[in-house]
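Q: With the sequences and hints as input, model every part of the structure.
Residue numbers (our numbering), protein chains in the order written: chain A, 9 to 230; chain B, 2 to 250.
These aren't lab readings, by the way, just hints derived from the structure by calculation.
Since we're looking at a predicted model, the values are computed, not measured.
Careful: at least some of the hints might be erroneous.
Label-pair restraints from in silico Cβ distances [said to hold, decoys possible]:
| no. | chain 1 | residue 1 | chain 2 | residue 2 | range |
| --- | --- | --- | --- | --- | --- |
| 1 | B | Tyr-175 | A | Leu-23 | 41 to 47 Å |
| 2 | A | Leu-216 | B | Leu-37 | 39 to 45 Å |
| 3 | A | Glu-132 | B | Pro-117 | 38 to 44 Å |
| 4 | A | Val-169 | B | Trp-119 | 30 to 36 Å |
| 5 | B | Leu-21 | A | Arg-165 | 36 to 42 Å |
| 6 | A | Gly-87 | B | Trp-119 | 54 to 60 Å |
| 7 | B | Leu-17 | A | Pro-98 | 40 to 46 Å |
| 8 | B | Phe-6 | A | Leu-211 | 35 to 41 Å |
| 9 | A | Gln-97 | B | Met-118 | 53 to 59 Å |
| 10 | A | Met-18 | B | Leu-17 | 52 to 58 Å |
| 11 | B | Arg-248 | A | Pro-98 | 49 to 55 Å |
Backbone N, C-alpha and C fix where the C-beta goes; we use that ideal spot for every residue, glycine too.
Residues per chain, in single letters:
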Amino acid sequence: MLSTVKCMVMRDLTLAMRHRSDVLTTVFFFIIVVSLFPLGVGPDAALLKEMAAGVVWVAALLASMLSLTRLFADDYNDGTLEQLMMVPQPLSLIVLGKVLAHWIISGLPLVLMSPLLGLQFGLEGDELIMLMVTLLIGTPVLSLLGAIGAALTLGLRGGGVLVSLLVLPLYIPVLIFGAGAVTASAAGMGADGHLSLMGAILLLALVLAPWASAAALRISVE
Amino acid sequence: MFNLFKYSSPASFYPLAGRLAVGFGIASVILLVIGLYMSFFVAPTDYKQGEGYRIMFIHVPAAWMSMWIYVVMACFAAAGMIWNTRLSSMMASSLAPTGAMFTFVALWTGALWGKPMWGAWWVWDARLTSELILLFLYVGFMALESAIDDPRRAARASGLLALVGVINVPIIYYSVQWWNTLHQGSSIKVVDGGIEASMSEIMLWTLLVMTFACWFYAVAVSLSRVRSTILERESDAVWVKALLKERKA
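A: Listed below in structure tokens is the structure:
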């Protein structure tokens with residue numbers, strides 16, 4: 009079971025390493041979106057510090073969504089996906105492998121970049137760690153839920169715009185608890201509740217999302 | 002025995018839907034007239050919110066319907082996936098516009114109610130936000146369905162989306178209890194088999210009449226919408242051609 013997942017992850021990572029610019033585009037998109045906010049609302053340090061968590065989180069949401077269209081599209085276009093659906097291993101495991109690889113490529117870099125961006129917005133110590141932890145728990149959920157949307161819109165015209173309409177509403181709970189945890193810890197209220205809820209969402213998504221995406225793929229590739 | 006599966010065939014459901022749509026439509030109009038009369042003239046003025054509270058009689062039924070229709074839609078979508086019946090997915094897709102309409106009405110009347118009571122058209126409160134998400138889910142459902150040309154794939158893909166989105170319904174319903182928010186909690190509770198309401202009896206009755214008016218309206222409208230969908234999808238079937246010939250004659 010694990011070898012299937014591992015095999016898919018290694019394959020997708022190898023492919024991604026051959027197209028490094030795709031990975032970098034997501035990271036730079038994330039940085040650019042975050043840096044647009046201070047230009048938009050003005051360089052008021054107190055205000056920026058207050059909105060830092062929300063801004064970083066929304067940017068992470070958009071960056072993760074932007075790279076979703078590539079999750080299955082390349083494999084679908086060159087026919088690999090149909091071959092993958094014929095292997096004896098469960099499709100949901102293969103999807104899980106692809107989602108994990110997607111997270112390592114597009115989610116993990118955002119987690120690693122986030123303390124730097126948080127510093128620019130004037131976050132300190134615990135808040136920075138909290139921002140990183142919430143993104144660490146939250147970005148896999150984004151990849152998992154996004155896979156459902158990507159699978160449903162596979163091969164449709166205007167799929168990129170449509171996927172945002174389908175996926176962003178589902179992202180909202182993660183955004184609320186993720187940004188809420190940072191705000192709560194900044195206010196000294198403790199963020200245990202938020203983190204536990206995010207952990208619960210992650211576990212639920214980990215169990216159900218690959219299964220739902222596999223069903224969606226079977227609908228899209230017939 | 003009443004055979005439910007007999008009516009899972011579009012050909013036998015079409016005439017039944019026609020009769021039901023008329024019946025529910027008439028019932029809905031009668032209830033609406035009674036309900037509107039009661040809400041404007043019979044229900045007493047609220048001691049705290051004055052006359053403005055009367056918007057509740059459309060706001061609350063619309064909000065209930067917005068969530069309920071989504072659940073019904075998801076059930077039809079699930080049935081369509083399990084038994085692979087065409088009619089179930091047609092029902093799901095004909096419920097969506099009505100559900101979206103009720104969601105919009107709930108948000109709009111909520112804004113009109115919020116302005117005099119809270120002093121703001123809109124607050125980013127948990128219940129309002131999750132109701133807005135519900136509107137997006139309806140829109141996403143309809144957008145996905147219309148983006149796919151093959152009706153079979155469209156039905157299955159949007160059905161799956163409806164099932165994924167159904168998680169949001171309990172979040173909306175319990176948001177007032179889970180988060181301490183500006184939106185007031187539920188005024189009606191089912192306690193030990195009876196209904197306990199923190200409002201006068203006549204207000205409760207008015208609310209119930211309006212709720213059934215909205216409910217029957219939703220049933221009537223979606224049934225007549227599904228009739229059009231059946232005719233459109235089954236246009237090659239023999240019975241549809243015979244029906245159209247009969248109409249023309």
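Q: For Glu-132(A) and Pro-117(B), compare the CB-CB distance with the range 38 to 44 Å and indicate the outcome.
A: Taking Cβ atoms as reference, Glu-132(A) and Pro-117(B) lie about 43 Å apart, which means the hint holds.
Q: Hint says 53 to 59 Å; check whether the CB-CB distance for Gln-97(A) and Met-118(B) agrees.
A: Since Gln-97(A) and Met-118(B) have Cβ atoms about 57 Å apart, the given range 53 to 59 Å holds.
Q: Does the beta carbon distance between Gly-87(A) and Trp-119(B) stay inside 54 to 60 Å, or does it fall outside?
A: holds, 57 Å
Q: For the pair Tyr-175(B) and Leu-23(A), does the Cβ-Cβ distance stay inside 41 to 47 Å?
A: holds, 43 Å
Q: A range of 36 to 42 Å was offered for this pair. Does it hold for the Cβ distance of Leu-21(B) and Arg-165(A)?
A: Cβ of Leu-21(B) to Cβ of Arg-165(A): about 37 Å, so the range 36 to 42 Å holds.
Q: Determine whether the Cβ-Cβ distance between Val-169(A) and Trp-119(B) falls within the hinted range of 30 to 36 Å.
A: For Val-169(A) and Trp-119(B) the Cβ distance comes to about 35 Å; the hint holds.
Q: For the range 49 to 55 Å, tell me whether the beta carbons of Arg-248(B) and Pro-98(A) fit it or not.
A: holds, 51 Å
Q: Do the beta carbons of Phe-6(B) and Leu-211(A) sit within 35 to 41 Å of each other?
A: Since Phe-6(B) and Leu-211(A) have Cβ atoms about 38 Å apart, the given range 35 to 41 Å holds.
Q: Against the range 40 to 46 Å, how does the distance between the Cβ atoms of Leu-17(B) and Pro-98(A) compare: consistent or not?
A: Once the Cβ atoms are compared, 41 Å apart, the range 40 to 46 Å for Pro-98(A) and Leu-17(B) holds.
Q: That 39 to 45 Å hint for Leu-216(A) and Leu-37(B) (C-beta), does it hold up?
A: holds, 44 Å
Q: Is 52 to 58 Å respected by the C-beta to C-beta distance linking Met-18(A) and Leu-17(B)?
A: holds, 56 Å
The structure agrees with every numbered hint stated previously.
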